[in-house]
Amino acid sequence: MTELGFDFWYTLILLVGMTVLLTTEKLEVEVTVLGTLFLMLLGGVMDTADAFSGFANEGVITIAAMFVVAGALNTTGILRNVSHHLFGRKKNSVAAKLSRLLLPVGALSAFVNNTPVVALLIPVVRNWAEKYGYPVSKFLMPISFAAILGGMCTLIGTSTNLIINGWLVAGGHHAGLGIF
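Going by the working numbering, the sequence shown opens with residue 14, and the numbers climb by one from there.
Everything labelled a hint here was simulated from the structure, so no lab data went into it.
There's no promise every hint is true.
As the list claims (entries may be wrong) - Restraint ranges, calculated between C-beta atoms of paired labels, are given here: (1) 74 to 132: 27 to 35 Å; (2) 57 to 88: 41 to 49 Å; (3) 158 to 84: 19 to 27 Å; (4) 58 to 85: 32 to 40 Å; (5) 153 to 98: 14 to 22 Å; (6) 16 to 61: 42 to 50 Å; (7) 51 to 117: 37 to 45 Å; (8) 24 to 153: 51 to 59 Å; (9) 113 to 22: 36 to 44 Å; (10) 85 to 22: 40 to 48 Å.
Using N, Cα and C, we set each Cβ at its ideal position, and we do this for glycine too.
Please build the complete structure, drawing on both the sequences and the hints.
And the structure:
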(Lines of atoms letter the chains of each structure in order from A and count residues from 1; the text may use other names and numbers.)
(Lines give C-alpha, C1' and ligand atoms only; values in the text may rest on other atoms or scores of the structure.)
Protein backbone atom coordinates (compact mmCIF):
# COMPACT_ATOMS: atom_id res chain seq x y z
CA MET A 1 0.00 0.00 0.00
CA THR A 2 1.43 3.37 -0.97
CA GLU A 3 1.53 6.21 1.48
CA LEU A 4 -0.35 9.36 0.56
CA GLY A 5 2.09 12.22 0.35
CA PHE A 6 2.07 15.97 0.83
CA ASP A 7 0.69 16.68 -2.66
CA PHE A 8 -2.40 14.57 -2.00
CA TRP A 9 -3.23 16.07 1.39
CA TYR A 10 -2.45 19.64 0.32
CA THR A 11 -4.66 19.29 -2.76
CA LEU A 12 -7.46 17.66 -0.76
CA ILE A 13 -7.42 20.45 1.83
CA LEU A 14 -7.48 23.10 -0.92
CA LEU A 15 -10.37 21.39 -2.73
CA VAL A 16 -12.40 21.06 0.46
CA GLY A 17 -11.70 24.70 1.30
CA MET A 18 -12.62 25.80 -2.21
CA THR A 19 -15.85 23.79 -2.07
CA VAL A 20 -16.80 25.36 1.26
CA LEU A 21 -16.07 28.87 -0.04
CA LEU A 22 -18.03 28.27 -3.24
CA THR A 23 -21.08 26.85 -1.47
CA THR A 24 -21.15 29.50 1.26
CA GLU A 25 -20.39 32.29 -1.23
CA LYS A 26 -18.05 33.98 1.28
CA LEU A 27 -15.88 35.19 -1.61
CA GLU A 28 -16.52 35.84 -5.27
CA VAL A 29 -16.23 32.75 -7.47
CA GLU A 30 -13.29 34.21 -9.39
CA VAL A 31 -11.36 34.99 -6.21
CA THR A 32 -11.97 31.51 -4.81
CA VAL A 33 -10.99 29.60 -7.95
CA LEU A 34 -7.97 31.73 -8.87
CA GLY A 35 -6.88 31.82 -5.22
CA THR A 36 -6.95 28.02 -5.11
CA LEU A 37 -4.96 27.88 -8.33
CA PHE A 38 -2.39 30.29 -6.86
CA LEU A 39 -2.12 28.22 -3.66
CA MET A 40 -1.58 25.06 -5.71
CA LEU A 41 1.27 26.83 -7.52
CA LEU A 42 2.66 28.13 -4.25
CA GLY A 43 2.57 24.66 -2.69
CA GLY A 44 4.41 23.16 -5.64
CA VAL A 45 1.59 20.76 -6.47
CA MET A 46 1.52 21.91 -10.08
CA ASP A 47 3.86 23.86 -12.29
CA THR A 48 3.09 27.14 -14.00
CA ALA A 49 2.65 25.62 -17.46
CA ASP A 50 -0.01 23.20 -16.22
CA ALA A 51 -1.75 25.82 -14.11
CA PHE A 52 -2.26 28.26 -16.96
CA SER A 53 -2.57 25.88 -19.90
CA GLY A 54 -6.36 26.07 -19.82
CA PHE A 55 -6.28 29.82 -20.39
CA ALA A 56 -4.50 29.28 -23.72
CA ASN A 57 -7.25 27.03 -25.05
CA GLU A 58 -9.12 28.70 -27.92
CA GLY A 59 -12.39 27.42 -26.49
CA VAL A 60 -11.90 29.19 -23.18
CA ILE A 61 -10.96 32.44 -24.94
CA THR A 62 -14.02 32.17 -27.20
CA ILE A 63 -16.31 31.57 -24.22
CA ALA A 64 -14.91 34.66 -22.51
CA ALA A 65 -15.50 36.69 -25.68
CA MET A 66 -19.09 35.43 -25.87
CA PHE A 67 -19.71 36.67 -22.33
CA VAL A 68 -18.44 40.10 -23.40
CA VAL A 69 -20.87 40.12 -26.36
CA ALA A 70 -23.73 38.99 -24.13
CA GLY A 71 -22.88 41.67 -21.57
CA ALA A 72 -22.93 44.31 -24.30
CA LEU A 73 -26.36 43.13 -25.43
CA ASN A 74 -27.61 43.40 -21.86
CA THR A 75 -26.07 46.84 -21.27
CA THR A 76 -27.59 48.32 -24.41
CA GLY A 77 -31.07 47.20 -23.37
CA ILE A 78 -31.69 45.34 -26.61
CA LEU A 79 -32.90 42.29 -24.73
CA ARG A 80 -35.57 44.24 -22.84
CA ASN A 81 -36.93 45.57 -26.13
CA VAL A 82 -36.81 42.13 -27.70
CA SER A 83 -38.85 40.63 -24.85
CA HIS A 84 -41.88 42.70 -25.84
CA HIS A 85 -41.66 41.39 -29.40
CA LEU A 86 -41.09 37.81 -28.29
CA PHE A 87 -43.89 37.66 -25.75
CA GLY A 88 -46.28 40.33 -26.91
CA ARG A 89 -48.56 42.15 -24.52
CA LYS A 90 -51.71 40.05 -24.85
CA LYS A 91 -52.59 37.52 -22.18
CA ASN A 92 -52.21 34.13 -23.89
CA SER A 93 -51.53 30.66 -22.56
CA VAL A 94 -48.08 29.70 -21.31
CA ALA A 95 -47.78 27.30 -24.28
CA ALA A 96 -48.43 30.16 -26.72
CA LYS A 97 -45.79 32.32 -25.07
CA LEU A 98 -43.29 29.45 -25.05
CA SER A 99 -43.85 28.80 -28.73
CA ARG A 100 -42.90 32.41 -29.46
CA LEU A 101 -39.84 32.24 -27.19
CA LEU A 102 -38.13 28.88 -27.69
CA LEU A 103 -37.34 29.04 -31.41
CA PRO A 104 -35.49 32.39 -31.18
CA VAL A 105 -33.64 31.22 -28.05
CA GLY A 106 -32.50 28.05 -29.82
CA ALA A 107 -31.48 29.98 -32.93
CA LEU A 108 -29.57 32.59 -30.93
CA SER A 109 -27.75 30.01 -28.82
CA ALA A 110 -26.53 28.28 -31.97
CA PHE A 111 -24.36 31.32 -32.71
CA VAL A 112 -23.87 32.86 -29.27
CA ASN A 113 -22.72 30.57 -26.47
CA ASN A 114 -25.76 29.10 -24.70
CA THR A 115 -24.59 29.92 -21.16
CA PRO A 116 -24.66 33.72 -21.55
CA VAL A 117 -27.89 33.48 -23.57
CA VAL A 118 -29.65 31.78 -20.66
CA ALA A 119 -27.95 34.02 -18.09
CA LEU A 120 -29.16 37.13 -19.90
CA LEU A 121 -32.67 35.87 -20.51
CA ILE A 122 -33.38 34.86 -16.92
CA PRO A 123 -33.89 38.43 -15.61
CA VAL A 124 -35.72 39.45 -18.79
CA VAL A 125 -38.14 36.53 -18.54
CA ARG A 126 -38.54 36.95 -14.78
CA ASN A 127 -39.42 40.65 -15.10
CA TRP A 128 -41.78 40.02 -17.99
CA ALA A 129 -43.55 37.11 -16.25
CA GLU A 130 -44.02 39.06 -13.03
CA LYS A 131 -45.31 42.09 -14.93
CA TYR A 132 -47.97 40.08 -16.78
CA GLY A 133 -48.77 37.57 -14.03
CA TYR A 134 -47.27 34.40 -15.50
CA PRO A 135 -45.50 31.79 -13.35
CA VAL A 136 -41.75 32.26 -13.94
CA SER A 137 -41.07 28.58 -13.31
CA LYS A 138 -42.97 27.61 -16.46
CA PHE A 139 -40.45 29.48 -18.64
CA LEU A 140 -37.00 28.98 -17.14
CA MET A 141 -36.46 25.25 -17.72
CA PRO A 142 -37.76 25.31 -21.32
CA ILE A 143 -35.43 28.24 -22.08
CA SER A 144 -32.50 26.21 -20.81
CA PHE A 145 -33.45 23.19 -22.90
CA ALA A 146 -33.92 25.30 -26.04
CA ALA A 147 -30.52 26.93 -25.51
CA ILE A 148 -28.84 23.56 -25.01
CA LEU A 149 -30.44 22.16 -28.15
CA GLY A 150 -29.50 25.21 -30.22
CA GLY A 151 -25.99 25.28 -28.78
CA MET A 152 -25.31 21.68 -29.78
CA CYS A 153 -25.97 22.51 -33.44
CA THR A 154 -22.78 24.53 -33.94
CA LEU A 155 -19.21 24.60 -32.72
CA ILE A 156 -19.53 27.99 -31.02
CA GLY A 157 -22.94 27.35 -29.48
CA THR A 158 -21.75 25.46 -26.41
CA SER A 159 -18.65 25.50 -24.26
CA THR A 160 -18.22 21.74 -24.49
CA ASN A 161 -17.90 21.78 -28.28
CA LEU A 162 -15.33 24.59 -28.14
CA ILE A 163 -13.17 22.89 -25.55
CA ILE A 164 -13.27 19.50 -27.28
CA ASN A 165 -12.37 21.17 -30.57
CA GLY A 166 -9.42 22.91 -28.89
CA TRP A 167 -8.18 19.60 -27.47
CA LEU A 168 -8.52 17.83 -30.81
CA VAL A 169 -6.57 20.52 -32.64
CA ALA A 170 -3.92 20.86 -29.91
CA GLY A 171 -3.41 17.10 -29.80
CA GLY A 172 -2.96 16.94 -33.56
CA HIS A 173 -5.70 14.32 -33.84
CA HIS A 174 -8.04 16.33 -35.97
CA ALA A 175 -8.19 19.46 -38.09
CA GLY A 176 -11.14 20.70 -36.02
CA LEU A 177 -14.85 20.06 -35.91
CA GLY A 178 -15.97 22.83 -38.26
CA ILE A 179 -18.78 25.26 -37.51
CA PHE A 180 -21.66 22.76 -37.85
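Tell me the numbers of any earlier hints that the structure contravenes, in ascending order. Result: hints 1, 6, 8, 9 break, sorted rising.
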